[in-house]
Amino acid sequence: MSERTIAVNYIARVEGEGALRVRVHDRTVEEVQLKIFEPPRFFEAFLRGRSYREAPDITARICGICPVAYQMSSCNAMEQALGIPVTGPIRELRRLIYCGEWIESHALHVYLLHAPDFLGVPDAIQLAKVHPEAVQRGLALKKVGNALMTLLGGREIHPINVRVGGFYRCPSRDELEGIRPDLVRALHLAEETVRFAASLTFPKIEEDYEFVSMRHPDEYPLTEGDLVSNRGLRIPVSKYEEEFEEVHVPYANALQSVRKGGGAYLVGPLARYALNRDRLSSRARVLAQEVGLEPVVTNPYRSIIVRAVETVYACEEALRIIDAYRPPPEPFVPPPARLGPAVGAGISEAPRGVLYHRYRLDADGLIAEAKIVAPTSQNQKRIEDDVRGVVTRSLDLGDAALTDLCERAIRNHDPCISCATHFLDLELIRD
Amino acid sequence: MRGVTDDPARGASVRPLVVGLGHPARHDDALGLEIVERVHPRLGESGEARSCVSDGTELLDLWEGRELVVVVDAVRSGAAPGTVHRLEVTDLPVPPVFRITSTHNLSIADVVALARSLDRLPARLVIYGVEGERFDPGVGLSDRVAAAMATVVDQVLTEVRGPAPRDGDRGSGENGHA
Chain A
262 MSERTIAVNY IARVEGEGAL RVRVHDRTVE EVQLKIFEPP RFFEAFLRGR
312 SYREAPDITA RICGICPVAY QMSSCNAMEQ ALGIPVTGPI RELRRLIYCG
362 EWIESHALHV YLLHAPDFLG VPDAIQLAKV HPEAVQRGLA LKKVGNALMT
412 LLGGREIHPI NVRVGGFYRC PSRDELEGIR PDLVRALHLA EETVRFAASL
462 TFPKIEEDYE FVSMRHPDEY PLTEGDLVSN RGLRIPVSKY EEEFEEVHVP
512 YANALQSVRK GGGAYLVGPL ARYALNRDRL SSRARVLAQE VGLEPVVTNP
562 YRSIIVRAVE TVYACEEALR IIDAYRPPPE PFVPPPARLG PAVGAGISEA
612 PRGVLYHRYR LDADGLIAEA KIVAPTSQNQ KRIEDDVRGV VTRSLDLGDA
662 ALTDLCERAI RNHDPCISCA THFLDLELIR D
Chain B
854 MRGVTDDPAR GASVRPLVVG LGHPARHDDA LGLEIVERVH PRLGESGEAR
904 SCVSDGTELL DLWEGRELVV VVDAVRSGAA PGTVHRLEVT DLPVPPVFRI
954 TSTHNLSIAD VVALARSLDR LPARLVIYGV EGERFDPGVG LSDRVAAAMA
1004 TVVDQVLTEV RGPAPRDGDR GSGENGHA
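Residue numbers (the working numbering), protein chains in the order written: chain A, 262 to 692; chain B, 854 to 1031.
Derived by calculation from the structure, the hints in this document are not laboratory data. Note that this is a predicted model, so its numbers are computed, not measured. Where is the CB? At the ideal position from N, CA and C, for every residue including glycine. Keep in mind that a hint or two might mislead.
[Stated by the list, open to error] Chain A regions said to be covered by chain B (calculated; three or more residues, Cβ under 8 Å):
{"#": "1", "stretch": "314-325"}
{"#": "2", "stretch": "373-386"}
{"#": "3", "stretch": "394-405"}
Looking at chain A on its own, in the form it has when it is part of the complex:
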């Protein structure tokens, strides 16, 4: 019996690094292990003993790509714990800064990380040589997302203007008007992005996903809503831990999130779109139809089109919010005068999917316990299933080609492994 091992020092173009091990025996895929070494456990420990007020700033540092998501989920959890209702313009501004993060993150993934897979180049650097206009478009789009985050957050990365209850300072109408032309341009770029993404050639694969996303009565979900799935789940966030659990996987030295009594599920753009297509803005919906995007996308490679459609949505939504904006009388809703022991859970839709936070506070508003479940932890098991399928279907390929396919299967889901891990080694064992 011969055994072959391939090691790739990291899976290129995935945010951060991790490791994948695949073992094939007698033409059967016996083992797929995606190792994610470092979920936000350091931060959960770091938060203990800190004031509830500090959670948004501290958790924003977990990920350089999605700081707003961490701020919003932590604010939602704290506001639920303390009974702080956030409505009106403050709530709208939260959606607005979140739009900035979606534009920024999706533009990065679509053009710099995902597109090379479809255009026969190894990375964004080579893509910039053969399709410089595409990379420039992506960078221009991403820049507008950053500018929106800066305007509201005070800093492009790790916004510092967000606080429990709202913002430290809210922008004037003029300030928001100032970015409007950039967003109009971004909307055009995003529309081009949908056409660009739809023009790519995709492997013909359909997966059977349990999609999980937020769902709101009126809106495409960002900051508020219940949790729903395409298999009948519908729960408020307070029931999250009754339906989902983290199980320890020894090879990853980490926790993987699964449905209780069930298995893998998928969060992120494919899930949001499948469960909320009727909540898209007009241009986004029309464009999706125009390019032939199916109502439920089960081909993970086509997630690049869904991200582009969501980018159009984020631009349209940002423009809608700016046009309707009236500054609130106060930039934040104050906390209650008397704090008490409390527990609160919060979710929001990070670019990569549902981000869950839960905090237990003591009588002085200090954090006694923190729990953070990142989208990538939730998708990890489902990504392993995708990889298993890829390897099973492609056993006759050589190691290099098969390794490349595994990498693509992972990149389809834009795992933000930097939230959770360090180095990605790919090991393919055939015996």
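Given chain A, put chain B in place with the hints provided.
What follows is chain B alone, placed relative to chain A:
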């Protein structure tokens, strides 16, 4: 990251820029951010400072129109922790020592290659890479890395306050090599 200017580099600015790359909660990976913290108050009118914890492509916008950009990042090449690597970007590829992605999405070497392909390099780009020891989650620099900080801060300040770049440098030399 306190004390670092929040002004986005929108539009051309001729003032030199110092950018620190890194992750604030990955031990030595925070080194670039710490350097910028110390450099910023001493720059005065001679330059601007920014921290960047994102994917690195942000650099292309930050250095747009600049005559001089100094980037500081932690690297991992196997050299002794605290070792300072200095590189002035020319037509040559950035050597592998700077190809440490750590927690960034694109390494500084990748960003330089991308900028070169798109003709978006600043007129002069100097990169300081300081050898890190640990990159696991947590705060605080390791001792030997922390010990190197003062020297690097002085070196960066000397880069910025040195003779002004010659007029007409942009668009020649390393700039425009695709």
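Discussion item. So, against the hints stated earlier in the document, which numbers end up violated here?
Written reply: none
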